[in-house]
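Engineer: Sequences are here, hints too, so could you generate the full structure?
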Amino acid sequence: MANQINPNLLKDKVLAKQVIENQNELDKIKTERGWLGNIWGNSEKIPNNLAALSIIILFATGIYYTYCVLGLPSEKISLSIKDFWAIIAPLITLSIGYLFGDKSKKNDA
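Sequential numbering of the sequence shown, starting at 0, is according to numbering that gives the first Met the number 0.
These are calculated hints, taken from the structure and not from any lab test.
From the three backbone atoms N, C-alpha and C, an ideal C-beta is built for every residue, glycine too.
Heads up, a few of these hints could be off.
What the hints assert, rightly or not - Calculated lysine-lysine pairs in the DSS-like style (CA-CA distance at most 25 Å, straight line):
{"#": "1", "residue 1": "K29", "residue 2": "K44"}
{"#": "2", "residue 1": "K44", "residue 2": "K27"}
{"#": "3", "residue 1": "K12", "residue 2": "K27"}
{"#": "4", "residue 1": "K16", "residue 2": "K27"}
As the list claims (entries may be wrong) - Quick list of the computed label-pair ranges, beta carbon to beta carbon:
{"#": "5", "residue 1": "T92", "residue 2": "V13", "range": "31 to 41 Å"}
{"#": "6", "residue 1": "K12", "residue 2": "T92", "range": "57 to 67 Å"}
{"#": "7", "residue 1": "V13", "residue 2": "G96", "range": "42 to 52 Å"}
{"#": "8", "residue 1": "F99", "residue 2": "C67", "range": "29 to 39 Å"}
{"#": "9", "residue 1": "K29", "residue 2": "L52", "range": "17 to 27 Å"}
{"#": "10", "residue 1": "E24", "residue 2": "G100", "range": "25 to 35 Å"}
{"#": "11", "residue 1": "I28", "residue 2": "F99", "range": "22 to 32 Å"}
{"#": "12", "residue 1": "N21", "residue 2": "L78", "range": "51 to 61 Å"}
{"#": "13", "residue 1": "T60", "residue 2": "E24", "range": "23 to 33 Å"}
{"#": "14", "residue 1": "K29", "residue 2": "I76", "range": "47 to 57 Å"}
{"#": "15", "residue 1": "I76", "residue 2": "N23", "range": "58 to 68 Å"}
{"#": "16", "residue 1": "T60", "residue 2": "Q22", "range": "35 to 45 Å"}
{"#": "17", "residue 1": "V13", "residue 2": "F99", "range": "40 to 50 Å"}
Structural biologist: Here it is, written out as structure tokens:
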């Protein structure tokens, strides 16, 4: 239905030309971004999206590890839950700091 031509558009040639040019520009941008661009966004948003993704993956990994190790005896665990979180917590805070620092930097400019 989105590709149907509006009858009023056919009457106004200037408007029809602008609509066609805008549609061509949008198609060009979509083609340049590719399917990964639809996931990550444009080049300005990629670092923020990757930082957010790393936060999600680290939290999920930490929760999964905690859940898996919680019922095991301490002799069978090579890395304690506390030590595991001590490794990933700085990475999470680093990513959060990047996200907030990046936003405040843009506001200052």
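Engineer: Now look at each hint and say whether the structure bears it out.
Structural biologist: Status of each hint after checking the structure:
Between K29 and K44, the direct Cα distance comes to roughly 15 Å. Compliance with the 25 Å bound is thereby established for this hinted pair. Between K44 and K27 the alpha-carbon distance is near 19 Å, which keeps this suggested pair within the 25 Å criterion. Pair hint K12 plus K27 holds up; C-alpha atoms about 22 Å apart against a cutoff of 25 Å. A C-alpha spacing of about 16 Å is found between K16 and K27, which places the hinted pair at or below 25 Å, so the restraint holds.
For the hinted restraint 31 to 41 Å between T92 and V13, the CB-CB distance of approximately 55 Å leaves it violated. At about 58 Å, the beta-carbon gap between K12 and T92 stays in the expected band of 57 to 67 Å. A beta carbon spacing of about 50 Å between V13 and G96 agrees with the range 42 to 52 Å that was offered as a hint. For the hinted restraint 29 to 39 Å between F99 and C67, the CB-CB distance of approximately 31 Å keeps it satisfied.
For K29 and L52, the Cβ-Cβ distance of about 22 Å falls inside the hinted range of 17 to 27 Å, so the restraint holds. Checked against the hint of 25 to 35 Å, the C-beta distance between E24 and G100 comes to roughly 33 Å, which is consistent with it. Roughly 29 Å separates the CB atoms of I28 and F99, a value that falls within the hinted 22 to 32 Å. The hint said 51 to 61 Å for the Cβ distance between N21 and L78, and at roughly 55 Å that hint holds.
Distance hint check: the CB atoms of T60 and E24 are about 41 Å apart, inconsistent with the given range 23 to 33 Å. Checked against the hint of 47 to 57 Å, the pair K29 and I76 passes, with Cβ atoms roughly 49 Å apart. The hinted window of 58 to 68 Å between I76 and N23 holds, with their beta carbons roughly 60 Å apart. Separated by about 43 Å at the C-beta atoms, T60 and Q22 satisfy the suggested range of 35 to 45 Å.
Restraint check, V13 to F99: a C-beta distance of roughly 46 Å satisfies the suggested window 40 to 50 Å.
Violation of the numbered hints given earlier is confined to hints 5 and 13; the remaining hints are satisfied by the structure.
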